[in-house]
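Hey, can you work out the whole structure from these sequences and the hints?
Residue numbers (the working numbering), protein chains in the order written: chain E, 1 to 514; chain F, 1 to 514.
Because the hints were derived from the structure by calculation, they are not lab data.
Keep in mind that the hints are not guaranteed to be accurate.
The list makes no distinction among identical chains, and a pair is therefore deemed to hold if it is satisfied within one copy or across any two copies.
The calculated DSS-like cross-link candidates involving lysine-lysine, where the alpha carbons are at most 27 Å apart (straight line), are [stated by the list, open to error]:
no.: 1; residue 1: K439; residue 2: K468
no.: 2; residue 1: K450; residue 2: K289
no.: 3; residue 1: K419; residue 2: K371
no.: 4; residue 1: K58; residue 2: K439
no.: 5; residue 1: K39; residue 2: K68
no.: 6; residue 1: K58; residue 2: K413
no.: 7; residue 1: K468; residue 2: K68
Number of protein chains: 2
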Amino acid sequence: MELTVELLPIITGGSRIALLSEESASSLGVHSSDRIRIKYGNQELIAIANIAEFFSPKRIGFYDETAKALGVKEDETVSVQLAPLPESLFNVRAKLHGERLRENDIVTIVRDVVERHLSTAEIAAFLTALSIHGLSSSENEALSRAMVATGKTMSFGEGPILDKHSVGGIPGDKTSMLVVPIVAAAGYTIPKTSSRAITSPAGTADRVETLCPVNLGIDEIKNVVAKTGGCLVWGGALELAPADDLFIQVEYPLGIDPMLLPSILSKKKAMGATHVAIDIPTGMGAKIKTRTEAYTLASDFVDLGKRLGLNIQCALTFGDQPLGCGIGPALEAREALATLLGGGPPDLRDKAVSLAGMLFEMVGAENGRAKAEDMIDSGKAAAKMRQIIAAQGGNPKVMPDDLPVGCEHVEVKSERAGKIIWLSTDNIVRIAREAGAPKEKGAGMILHAKLGEAVHRDSILYEIYAEKNSKLTSALELAKTLPPILLTTKPAEKMILDQVPEKLAHEKTFSLDR
Amino acid sequence: MELTVELLPIITGGSRIALLSEESASSLGVHSSDRIRIKYGNQELIAIANIAEFFSPKRIGFYDETAKALGVKEDETVSVQLAPLPESLFNVRAKLHGERLRENDIVTIVRDVVERHLSTAEIAAFLTALSIHGLSSSENEALSRAMVATGKTMSFGEGPILDKHSVGGIPGDKTSMLVVPIVAAAGYTIPKTSSRAITSPAGTADRVETLCPVNLGIDEIKNVVAKTGGCLVWGGALELAPADDLFIQVEYPLGIDPMLLPSILSKKKAMGATHVAIDIPTGMGAKIKTRTEAYTLASDFVDLGKRLGLNIQCALTFGDQPLGCGIGPALEAREALATLLGGGPPDLRDKAVSLAGMLFEMVGAENGRAKAEDMIDSGKAAAKMRQIIAAQGGNPKVMPDDLPVGCEHVEVKSERAGKIIWLSTDNIVRIAREAGAPKEKGAGMILHAKLGEAVHRDSILYEIYAEKNSKLTSALELAKTLPPILLTTKPAEKMILDQVPEKLAHEKTFSLDR
Chain E
1 MELTVELLPI
11 ITGGSRIALL
21 SEESASSLGV
31 HSSDRIRIKY
41 GNQELIAIAN
51 IAEFFSPKRI
61 GFYDETAKAL
71 GVKEDETVSV
81 QLAPLPESLF
91 NVRAKLHGER
101 LRENDIVTIV
111 RDVVERHLST
121 AEIAAFLTAL
131 SIHGLSSSEN
141 EALSRAMVAT
151 GKTMSFGEGP
161 ILDKHSVGGI
171 PGDKTSMLVV
181 PIVAAAGYTI
191 PKTSSRAITS
201 PAGTADRVET
211 LCPVNLGIDE
221 IKNVVAKTGG
231 CLVWGGALEL
241 APADDLFIQV
251 EYPLGIDPML
261 LPSILSKKKA
271 MGATHVAIDI
281 PTGMGAKIKT
291 RTEAYTLASD
301 FVDLGKRLGL
311 NIQCALTFGD
321 QPLGCGIGPA
331 LEAREALATL
341 LGGGPPDLRD
351 KAVSLAGMLF
361 EMVGAENGRA
371 KAEDMIDSGK
381 AAAKMRQIIA
391 AQGGNPKVMP
401 DDLPVGCEHV
411 EVKSERAGKI
421 IWLSTDNIVR
431 IAREAGAPKE
441 KGAGMILHAK
451 LGEAVHRDSI
461 LYEIYAEKNS
471 KLTSALELAK
481 TLPPILLTTK
491 PAEKMILDQV
501 PEKLAHEKTF
511 SLDR
Chain F
1 MELTVELLPI
11 ITGGSRIALL
21 SEESASSLGV
31 HSSDRIRIKY
41 GNQELIAIAN
51 IAEFFSPKRI
61 GFYDETAKAL
71 GVKEDETVSV
81 QLAPLPESLF
91 NVRAKLHGER
101 LRENDIVTIV
111 RDVVERHLST
121 AEIAAFLTAL
131 SIHGLSSSEN
141 EALSRAMVAT
151 GKTMSFGEGP
161 ILDKHSVGGI
171 PGDKTSMLVV
181 PIVAAAGYTI
191 PKTSSRAITS
201 PAGTADRVET
211 LCPVNLGIDE
221 IKNVVAKTGG
231 CLVWGGALEL
241 APADDLFIQV
251 EYPLGIDPML
261 LPSILSKKKA
271 MGATHVAIDI
281 PTGMGAKIKT
291 RTEAYTLASD
301 FVDLGKRLGL
311 NIQCALTFGD
321 QPLGCGIGPA
331 LEAREALATL
341 LGGGPPDLRD
351 KAVSLAGMLF
361 EMVGAENGRA
371 KAEDMIDSGK
381 AAAKMRQIIA
391 AQGGNPKVMP
401 DDLPVGCEHV
411 EVKSERAGKI
421 IWLSTDNIVR
431 IAREAGAPKE
441 KGAGMILHAK
451 LGEAVHRDSI
461 LYEIYAEKNS
471 KLTSALELAK
481 TLPPILLTTK
491 PAEKMILDQV
501 PEKLAHEKTF
511 SLDR
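Below, the structure written as structure tokens:
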């Protein structure tokens, strides 16, 4: 069938879609989501058919990217016919029926995700099936390799390339901002890419951005790493494992995360890492709630690492409460900087030197932790951080208090004396986000009491910071409904954790931040 | 945030979507698939956010249906903020995690599907989870009831309202075209709605359409049934259980069909049926391959029927080969008419009088089958069919040979003598569709040899009919690769059914026709 091209003035960045009228779809025998083969001169392209009511039967609608791919202009004529469904879709269907996919099956799926030949509904079905059926070791390997193969990769030359990653889940975890300068100060290479917050009050990229630009290109990253041995950049626009970015977009509304392992390790592999420390925060406040889960995940990481040629060690870390005291991009960057300068909260310092020490020992050093401590105490880590800040285009002389935080701020005091028995990371995340984090970089919270501490009546429990008064008010309002910190005078005093039925039961949080 | 409305010149009939620039999405803290609340004067509406590159940050894009729902015009200003995720989405997530949904959870999902508040990706994930986890009896009931409650319903007064349904899967099954006039001729009410073919060469609506219009409105259907006691109409545009129509659209590319039971029975319930005969073709050539499966499905139908107040009997019918000889809309209508007139193939007559007889006995008659035979032999069924054809706007005097069939036609002869051991319904479907069915109503096949029959060398095995010579050629070409009829001289001669690896292994058929 010959149809006239109509350019649709929208770029959705989504699937490669062509719009047909009901009439021409019916003549072609095409149903919604069927594929059509479009020919224009020597060019040929497969698109997913969307069927539109009230669309001219003589026309075919192309989004900009489809038109560009075909090299066709408005009002030109193309030839259209029904195309068979892609092989990848049959492999998706096989997974829906619980079959195990072979390497080549997975390659077809990942390639068609990147080339936009699978619709979001088809990708959603695939991810749902993975989430329910789980992935075998060889499926995880094949997915990782296929995601690396369909994206860009970087190389930082000979010698071990170190990296560190947290599976995420506790607020205030600014450890990477310490591990990178500590490791680089010891002469190793550690090109760290990080994500921005999706569901949390700050991602590492958001935190570092209060000190220097993080949105660097591949060549800029190479320069920074060549100069300093490390970097702290945003990984989102580098097109490392672009399939993963598309998977995450679909996973987000569904609240599922079946590809945690290949998602993380494909990006490490794409950055050329050889030795990776994986932090698995474990506890009531973390994504991983129990040690059993954590050990299983850790073994899976090590196993997949071996298959991919990555040397991996996992650390199960205390995940019952936030790390340190600051929550929100600028408040966390302040705290990270203060800790590099020798101060800061002890839990943050401990975690950073432990993880850095683990990395040192992975590449053959002895007494890794002592070596990491020394990097801080000698001032070398702080100096390295200033080098990295300068190389990425920030002010190397910055001091913690130079970083602007929200000028609207309130202290919340304890109504009685008692002992802290619970910090709700879920509630802390929601309050900090209500205050404006991560978008408003100065917004967030400072926790003044952590687990096990005793407080007096009128002790400050926490502060909320915001850039706008209205946001401060609504965050404070939310904190009344969702108390971030609970205390008790006797251990048995707070036996009811939640009530059902109750509206909150539905508002389970889901974290996709990595 | 205040944004200016830009109308997008497309109606996709899909989700209620609003387009935002990356910049304004980021300011609002909105990620792709998040919901936004849009206010315009006193009107308020929740839409799913799509984030577009290169879209003006001062604007918000509305598809026509969103703009209409809000009553807003181009260049007017609306106020936009991030909205919480809908409760239905949390219920979808619960199903993804294998939880059992309660009635009210399912109501939220079905309502939000109909109101386009769930995206196709979210619906796809829900259907995938249902397909993998299965549905409990109470989930099936709740889905059926919710689908009826969100659609239109019909009522045909006092007394039993009979209906008949096939779960589908064998080509050439034109039984409904006989059961309806037989039952109506005996004085019962049987308002039958049918579907068009999606993956098969003909649906009942396609077959009947060669005799009279089938695209009737609700009032027209009432008139036809009041006059004749029966009807044979297309159910697709009546908005009975519209959620089901949306579910089927998403299921189609995924090749899954988890809602078979509620999909069928919600539509029967919406038509006011009280007694329903369900035909379950069982065998190598049908959707249901084994008796075990068929008995399970039959019990599930009866069980769900009880919960919905429907009296149901299921018939397991022979499903190893097509029914009758004609395949394709006009060829099948010819055969149905011939059988009503006392001729036709014996298997078709047997199936029709058996099912009609079953319905008669369900409402208290004795010797149902004999009664059904009598309706044909006395000419009453044929007279009733002519009444129905006239009431729906067709020519009541039509004779089988009056129906035009494809003028391009070829006979395929046997290359040797032997016995028919296999008719591949999959291959027959593909060949008939390649010839032009169901779009070209005169296209299709006539089978001249059925299972167990002996043929001579040069006996005609089958004919292919097409309206266009090119289609006849390509159907004949396909028939060489995918033989529709296999014969053997000795029973052990054809032991290899298929080979792996082989391209065909991927092209499994999937039928959503009901």
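Hints, verified against the model:
1. Taking the closest pair of Cα atoms, K439 and K468 come within 27 Å of each other only inside a single copy of the chain (12 Å); across copies the shortest separation is 62 Å, beyond that limit.
2. Taking the shortest alpha-carbon separations for K450 and K289, only the intra-copy value of 19 Å comes in at or below 27 Å, while the best inter-copy value is 62 Å.
3. When the C-alpha separation of K419 and K371 is checked against a cutoff of 27 Å, the pair qualifies neither within a copy, at 36 Å, nor between copies, at 85 Å.
4. Within a single copy, K58 and K439 get their C-alpha atoms only as close as 46 Å, which misses the 27 Å cut-off; across copies the closest is 18 Å, which meets it.
5. Proximity of K39 to K68 under the C-alpha cut-off of 27 Å is restricted to the intra-copy arrangement: shortest distance 13 Å within a copy versus 36 Å between copies.
6. Taking CA atoms no more than 27 Å apart as the test, K58 paired with K413 passes in neither setting, with 70 Å inside one copy and 42 Å between copies.
7. Proximity of K468 and K68 under a CA criterion of 27 Å is satisfied in neither setting, with 44 Å inside one chain copy and 35 Å between copies.
Hint check: violations occur at hints 3, 6 and 7; the rest are consistent with the structure.
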